[in-house]
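*Asks:* The lines below spell out each chain.
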Amino acid sequence: MPVLRGAVTFARFRVETGKLPQPTRRWLARGLARGAFRPIDVKRGEDDRSAGFVALEDPGSTDFAAGGLERGHALFAWRVDTIRVKAAAVRAELERWAAAFEAEHRRPPARGEKATARDQIRHGLRQRQEPTTRTFDVSWSLETGELLVWAAASKVVEEASAAIEAAFEVKLSPRSVSAQAVGAGIAEDALAPTAELVGLSREEVRHGEG
Amino acid sequence: MARAERAKGKASAEAAFLRGDAGVDGAATDEDVRDVAEVERDQARDQLLRGRTWLGRELLTWLLWRSEAGDPLAEVEGAPLVVLFTARVVLRGLAGDVTELTARGAGAPYAPEVRRALASGLLVHQARLRLDHGERTFEVTLDAERLDVRSAKLPELLTEADDDRAAERLDLCEQLGRLVDRLVDVFLAERAARTWARRTVPALRAWMEEAG
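Residue numbers (this note's numbering), protein chains in the order written: chain A, 1 to 210; chain B, 1001 to 1212.
There's no promise every hint is true.
Residues on chain B that point at chain A, a partial pick, calculated with CB under 10 Å [to be verified]: (1) R1052; (2) G1078; (3) R1150; (4) K1153; (5) L1204.
Negatives, chain B to chain A, calculated, CB over 12 Å [what the hints assert, rightly or not]: (6) G1056; (7) A1087; (8) T1102.
Simulated from the structure, these hints should not be mistaken for laboratory data. From a predicted model like this one, the values you see are computed outputs, not experimental measurements. Each residue gets a CB set at the ideal place from its N, CA and C atoms; glycine is no exception.
If we strip away everything but chain A, and leave its shape as in the complex, we get:
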C-alpha cells in the first residue's frame, strides 16, 4: 500500500465535483460499488482481464459500506486481474498431444485438428491458471479535490481515472503544464511552442496536431 508506506509515485488530478453530495460516505460507497471489481469467471466468460475498485487494505473486499473515508480522504484501490496462458505451456502440451495422436492414428494430425486441439489445450490451461493480481492505491482529498492514482504506468492511470469519472460522474483534469495553462485561462494561441527553444514553428505544430 504505497499510500501508507513505500515508493511515492503517483499521477495527480484535480476533481471537479461541484458541491459534494451528502451524506458523503454513502455517496462514496455507492460510487465505488458501481465500479467494483468483479473476479474473472474462467468457467463462463472468455475475458482474460478484469479491473475495478476494492478496499484499500483488503484487495479481496468490495464492501465499501464500512470505510474508505478517513480524515477527509477517500482511500481505495484499483485492482487489475489478468490471466495469461503461457505460449510455451500450450506448445509443450500440443507437442505431447500430437505425438499421442500420431501413435494412435499412424499419421500426423491435420492442420484443422491441430488448431482445434490448440484451442482445447489453451482453454484447459486457462481454467487451471490462477489470475495475476495487481492493485494500485487511490487517494482523493474531498476537501481540496486533489486525487492521486498511485501508479507509474500511464495505461493503469488512464484506465483508473476513466473508471473514477464514470463511477462518480465527475471530471478529472490531469495536472500537466498544458492542463494547468488551460485551467488558468491562457489563450490557446499563447500556448504554441517557443520556436527559439523547441525548434518547431507554430505552423509545424499545427500540421503535426492535425
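Start from chain A and add chain B according to the hints.
*Replies:* Frame of chain A, contents of chain B only:
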C-alpha cells in the same frame, strides 16, 4: 506442379491486393521506406506534440536556468521555495541526429555539456529535483509530458501512530503537489507575459550559449 505453384502465388498476390497490402503492380502499399534517422525524428516529434509536451519541456528547461543561482523561485504558504536539479537529467528534442541525451552525475544538470546540448535544440524532458521549502526538503523526479510524481522522497514523518503517519504522508504528498503547481504558475505567468519573447527567451538562450 509448377502450375499449382503459380496459381498459389497468384491467389496470395490477389489476397494481398484485396487486403490493401499491395498495389496493382504487386508492390507493397504501406512499406516504410524511410531511413532509421527519419523514423526516430518522427517519433521524437510525436512525443513533443503529444499533450503539448513542449510546455513541460520549456518549464523544466526554464527551471534549470532559473535554479542555477540557488535563489528562491517562489513563496509558498509563507515560506521560500528553492529548487536544485540533482543527479540525472534527460534531454529530448529534434536537434540534428540526437533525439535523447541523458546526463548523470552530482553536478551534471548544470554542466557545460548539458547547456551546449540545450543550445543545440534539446530541452529537459525528465529531471530529478530537490525542493527546499522552509525547513522541509522533498526530492522528486518529474517528466515533461504529464508532470507525474515519481520516486519522491518526502521529509521525515513526525507522528508515530500508524493512522496519523498515513495522514501526514498524504498531507506531504499534497504539499509536494502544491509546490510543483506553484512552480508551474510562476512559469506560466512568465511565459504568458510580453517579456517572454523579448527578454526571457534571449536571456535563456544566452545562458545556454555561454557554455559553448
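*Asks:* Among all the numbered hints in the text so far, which are the ones the structure does not match?
*Replies:* Numbers 2 and 6, in rising order.
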